[in-house]
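Q: As a plain string of letters, each chain reads:
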Amino acid sequence: MIDKLVRSMAEAMDGIKDGSTVLVGGFGAVGQPNALIDGLIEQGATDLTVAANNAGVGRTGMARLMDLGRVRKIICSFPRSSDPVVFESLYRAGRIELEIVPQGTLAERMRAAGAGIPLFFTATGAGTKMAMGKETREIDGRTYVAETALHGDVALVEAWEADRWGNLTFRKSGRNFNPIMAMAARLTIVQSQHIRELGEIDPDHVHTPGIFVRRVLHVPYGDPSGF
Amino acid sequence: MPDTTLAGLQPLSRSDMAARLARDIPEGWYVNLGIGMPTAVADHVRLDREVIFHSENGVLGMGPAPPKDQIDPWLINAGKQHVTLRAGGSFCHHADSFAMIRGGHLDLCVLGAFQVADNGDIANWATSENDTAPAVGGAMDLAAGAKRLWVMMEHTTKDGTPKLVRRCSYPLTAVGAVKRVYTNLAVLDVTERGFVVVDMAAGVTLEALQARTDAQLHLPA
Chain Y
1 MIDKLVRSMA
11 EAMDGIKDGS
21 TVLVGGFGAV
31 GQPNALIDGL
41 IEQGATDLTV
51 AANNAGVGRT
61 GMARLMDLGR
71 VRKIICSFPR
81 SSDPVVFESL
91 YRAGRIELEI
101 VPQGTLAERM
111 RAAGAGIPLF
121 FTATGAGTKM
131 AMGKETREID
141 GRTYVAETAL
151 HGDVALVEAW
161 EADRWGNLTF
171 RKSGRNFNPI
181 MAMAARLTIV
191 QSQHIRELGE
201 IDPDHVHTPG
211 IFVRRVLHVP
221 YGDPSGF
Chain G
1 MPDTTLAGLQ
11 PLSRSDMAAR
21 LARDIPEGWY
31 VNLGIGMPTA
41 VADHVRLDRE
51 VIFHSENGVL
61 GMGPAPPKDQ
71 IDPWLINAGK
81 QHVTLRAGGS
91 FCHHADSFAM
101 IRGGHLDLCV
111 LGAFQVADNG
121 DIANWATSEN
131 DTAPAVGGAM
141 DLAAGAKRLW
151 VMMEHTTKDG
161 TPKLVRRCSY
171 PLTAVGAVKR
181 VYTNLAVLDV
191 TERGFVVVDM
201 AAGVTLEALQ
211 ARTDAQLHLP
221 A
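Residue numbers (the working numbering), protein chains in the order written: chain Y, 1 to 227; chain G, 1 to 221.
Because the hints were derived from the structure by calculation, they are not lab data.
Treat the hints with care, as some may be off.
[Unchecked claim] DSSO-like, lysine-lysine: derived pairs with alpha carbons at most 27 Å apart: (1) G:Lys147 <-> Y:Lys73; (2) Y:Lys129 <-> G:Lys68; (3) Y:Lys129 <-> G:Lys147; (4) G:Lys80 <-> Y:Lys172; (5) G:Lys147 <-> Y:Lys134; (6) G:Lys68 <-> Y:Lys172.
[To be verified] Here chain G is said to cover these stretches of chain Y; the calculated rule only asks that three of the stretch's residues, wherever they fall, bring their Cβ under 8 Å from a Cβ of chain G: (7) 176–186; (8) 190–204.
Each residue gets a CB set at the ideal place from its N, CA and C atoms; glycine is no exception.
Bound conformation, chain Y alone (with noise of 0.2 Å):
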């Protein structure tokens, strides 16, 4: 029998290494994976990638991780938000990496690790600094920019429902980033509002097959808050 329900967070965070790359799902407080951030922090596990849309705010979550010096390095296209402290004194301190990537090209890039294409080409960031030391190729007249697959090898994701084979629903703008990390990484952690049957999620309505899932944890917390 395939049990991906997990009973503790504990058993979700187990295993994680020191040096991952982790994807951390969310769009502002939305589909953000508070629980599982915070488990992340209570795991213990350092010297952290983290690729994200954002790079924390405020002091909690994934800017409390940076603040307790566990992320070596941000991959995000948006490190700004409405309390950006934490992030922003580092990042002056010299005491976290970071690499901007156009907000599309960080979800194709994540898209193509869980699709197997290795390498990519796009006419985004074409003729600016993005392209600096990337290799470009003219195609039909235009010029392109080739990006590599991001692999994580922990992705953190919300989800609406989920059941014990992995099969996921999102809800609303919580959607985002959540489905395709969960295809990037090798080890795919999800928190979800709801636990429902096998079988009781429509088929047709199933947002992300459970092949690309892990481990599940009930974290019925309510609605997000804040940004």
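Start from chain Y and add chain G according to the hints.
A: Relative to chain Y, chain G alone:
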């Protein structure tokens, strides 16, 4: 020194600029409005005209901001503001949302900018090569990917420095991408000849506009 103050001119307000731009969007277009000034364009497109607004975080068919007592905490736009979804709207993940952008499916993107050059180059994400923690978001994807890129911005900076230039001095967002610029003083097309003045705000003459523009202005052929 030419007079570059706004004395004697009647520049458009931000709301007027948004309304002016909104008039040029035909029904049926799929449109992404950038964060900041362009967001106001949606306020000037009536809901009975079916213009479909897209937001990078996977929202297609975005509607206006909800009343405070009807906020849905699960529904935000790329600016992280609460929004609504029109009947017929849909959600998707980030890779599909950016496939809409990068795959050339959006009819129009409207962005703000620091500078636009007369070859269509746009600089809108960083004001220095050594920006502390530059943030690009989806601007490069939108500028390179949409079928049309229009820019909405003030004609000059607050201190009167032209923003319509011969060559951008700030780091580029995209090369040769801008098709049209809406400012508080004029509407200009970017053509093979450079900037062509489409119309001007009340009280603005071509001479006054040129005095506030680094690039050479042209009249329609």
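Q: Which of the numbered hints are not met once you compare them with the structure shown?
A: 1, 2, 8
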